[in-house]
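**Q** Protein chains in written order, with the numbering used here: chain A, 1 to 268; chain B, 1001 to 1268.
Keep in mind that a hint or two might mislead.
Short, incomplete list of chain B residues facing chain A, as computed with Cβ under 8 Å [what the hints assert, rightly or not]:
#, residue
1, Ser1041
2, Lys1043
3, Ala1070
4, Trp1095
Sample of chain B residues with no beta-carbon within 12 Å of chain A, all distances over it, derived [unchecked claim]:
#, residue
5, Glu1099
6, Asp1177
7, Leu1234
8, Pro1236
9, Glu1259
Lysine-lysine pairs mimicking DSS-like chemistry, simulated, CA-CA at most 25 Å apart [as the list claims (entries may be wrong)]:
#, chain 1, residue 1, chain 2, residue 2
10, A, Lys43, B, Lys1229
11, B, Lys1040, B, Lys1062
12, A, Lys43, B, Lys1217
Please keep in mind that the hints were generated in silico from the structure rather than gathered at the bench. These numbers come from a predicted model, not from an experiment. Note that beta-carbon positions come from the ideal geometry of N, C-alpha and C, so glycine has one too.
2 protein chains.
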Amino acid sequence: MALSWFLLSFLFRSLYAHNDFFTSIGQMTDLLYTEKDLVKSLKEYIRQEENRLEQVKEWADKLDSLTNTATEDPEGFLGHPVNAFKLMKRLNSEWADLESLVLKDTTNGFISNLTVQRQFFPTDEDQTGAAKALLRLQDTYRLSANTISNGDLPGVVHKSRMTVADCYELGKIAYTDADYYHTELWMAQALTQLEEGEESTIDKITILDYLSYAIYKQGQLERALELTKRMLKLDPDHHRANGNLKYFEFQLEKQSTAEAEKKEVEDK
Amino acid sequence: MALSWFLLSFLFRSLYAHNDFFTSIGQMTDLLYTEKDLVKSLKEYIRQEENRLEQVKEWADKLDSLTNTATEDPEGFLGHPVNAFKLMKRLNSEWADLESLVLKDTTNGFISNLTVQRQFFPTDEDQTGAAKALLRLQDTYRLSANTISNGDLPGVVHKSRMTVADCYELGKIAYTDADYYHTELWMAQALTQLEEGEESTIDKITILDYLSYAIYKQGQLERALELTKRMLKLDPDHHRANGNLKYFEFQLEKQSTAEAEKKEVEDK
Chain A
1 MALSWFLLSF
11 LFRSLYAHND
21 FFTSIGQMTD
31 LLYTEKDLVK
41 SLKEYIRQEE
51 NRLEQVKEWA
61 DKLDSLTNTA
71 TEDPEGFLGH
81 PVNAFKLMKR
91 LNSEWADLES
101 LVLKDTTNGF
111 ISNLTVQRQF
121 FPTDEDQTGA
131 AKALLRLQDT
141 YRLSANTISN
151 GDLPGVVHKS
161 RMTVADCYEL
171 GKIAYTDADY
181 YHTELWMAQA
191 LTQLEEGEES
201 TIDKITILDY
211 LSYAIYKQGQ
221 LERALELTKR
231 MLKLDPDHHR
241 ANGNLKYFEF
251 QLEKQSTAEA
261 EKKEVEDK
Chain B
1001 MALSWFLLSF
1011 LFRSLYAHND
1021 FFTSIGQMTD
1031 LLYTEKDLVK
1041 SLKEYIRQEE
1051 NRLEQVKEWA
1061 DKLDSLTNTA
1071 TEDPEGFLGH
1081 PVNAFKLMKR
1091 LNSEWADLES
1101 LVLKDTTNGF
1111 ISNLTVQRQF
1121 FPTDEDQTGA
1131 AKALLRLQDT
1141 YRLSANTISN
1151 GDLPGVVHKS
1161 RMTVADCYEL
1171 GKIAYTDADY
1181 YHTELWMAQA
1191 LTQLEEGEES
1201 TIDKITILDY
1211 LSYAIYKQGQ
1221 LERALELTKR
1231 MLKLDPDHHR
1241 ANGNLKYFEF
1251 QLEKQSTAEA
1261 EKKEVEDK
């Protein structure tokens, strides 16, 4: 087990080595500690925001009960000179204090921390590099997208699952590289996880759009057409899907006409 | 009871009538409804902020547990190629999404509402006018500051208490008018309420500062000195209090020397 983990890790590192920047585990380890620091700073921001919001809520609750009482009997309420004075004071001074509290900026500490650390962050290229290393690993070990996504890699210690968004991201990186084979594998995996009920900000239509195109580019017109129909069930007005539907149907008809003609010629 | 409320209310209105703008109960009633609307808008802002903060907290919690696991065994963690890919993706894309969430401005609806309504708000002059009307009412009815602050006005329906800040505000308005008699009454009331344990943003030193000066201006040097000593117990380095201490002691000495000399002359 330990040996296979070591081999995998070694393989991954060598697959990954074409990448200029984050080649060493040491550099990536630094990033883990950077992230830990950022989380600490973020938690401090959350604490300040909760505190600020608590004060705003106290004011809102106080004013809510006050205005409810006051508007039930405005004349009676304002007949009390202290109420009249307090109303003047509230509107002239206190709402301005509340406004300052609403506009108070507590983001400064965290945001400047993030800005400083960002210069050491990986770039789009690093992200793409890591994704492609993962795709090469998949091919080398002949692993299914499902196996990788579930984290069932042989011998790894820290099992890590991929989300719908992670799978979608891998699919998109393959797509940008015109690698429709991996696009299909990973968009299909994203779709499966969505259908199994995983919550995600990525929707089925977006995934089906990539998936049907990747399948079409691999020459499987009928499957592409079927997926396009699924898209249109979810969104009947989808512009590209409506266009593709006509195009795929036209192409399929052309194909079957050509086949029929070919058969006719052969039969003669 | 109802009659006395009516009379009080009428008196208050006539006392108050010198003020140009908020002379009618009708105009003040409109302000109550404005305030009610603002509270509604504020509650919507709170709802949005709570929602936003909840998302930030979910991210922080997720990352907190993730970075704790990761930094326990960085090599093992990063040996898993999916972890390495996810780290790249997180740093390159997801922290930026979190940054947008942190910087998301939810204040817009409430603040523009407040800005629109502010043009109808009472001014400093209106607030001062209402305060002075209250002071005249106090004199007319010979009411103690305590009676008014507790809302124990004869016959009023909506009993309304004054906070330390309200009493302090009344005292300050009297002070600005060089009305040291009412300054003393209301600063003393503010101090009493603080000493009874009421929570306030106004501190004892600030109140004692006004109070001792108002008492000094009414010629009661010894009481002014005593209050200045109380101030210095709370803040031994208070600049003005230290100056006043010397000055009051010097004045008191001058007084007693003068009296002694006068007595000597009389005795001769």
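**Q** If a hint holds in the structure, say so; if it does not, say that too.
**A** Status of each hint after checking the structure:
1. Ser1041: violated (10 Å)
2. Lys1043: holds (6 Å)
3. Ala1070: holds (5 Å)
4. Trp1095: holds (7 Å)
5. Glu1099: violated (6 Å)
6. Asp1177: holds (15 Å)
7. Leu1234: holds (25 Å)
8. Pro1236: Fine: 31 Å to the nearest Cβ keeps Pro1236 of chain B off the interface.
9. Glu1259: It holds; Glu1259 of chain B is separated from chain A by about 44 Å at its closest Cβ, greater than 12 Å.
10. A:Lys43 to B:Lys1229: violated (44 Å)
11. B:Lys1040 to B:Lys1062: violated (33 Å)
12. A:Lys43 to B:Lys1217: violated (52 Å)
Against the hints set out earlier in the document, violations occur for numbers 1, 5, 10, 11 and 12.
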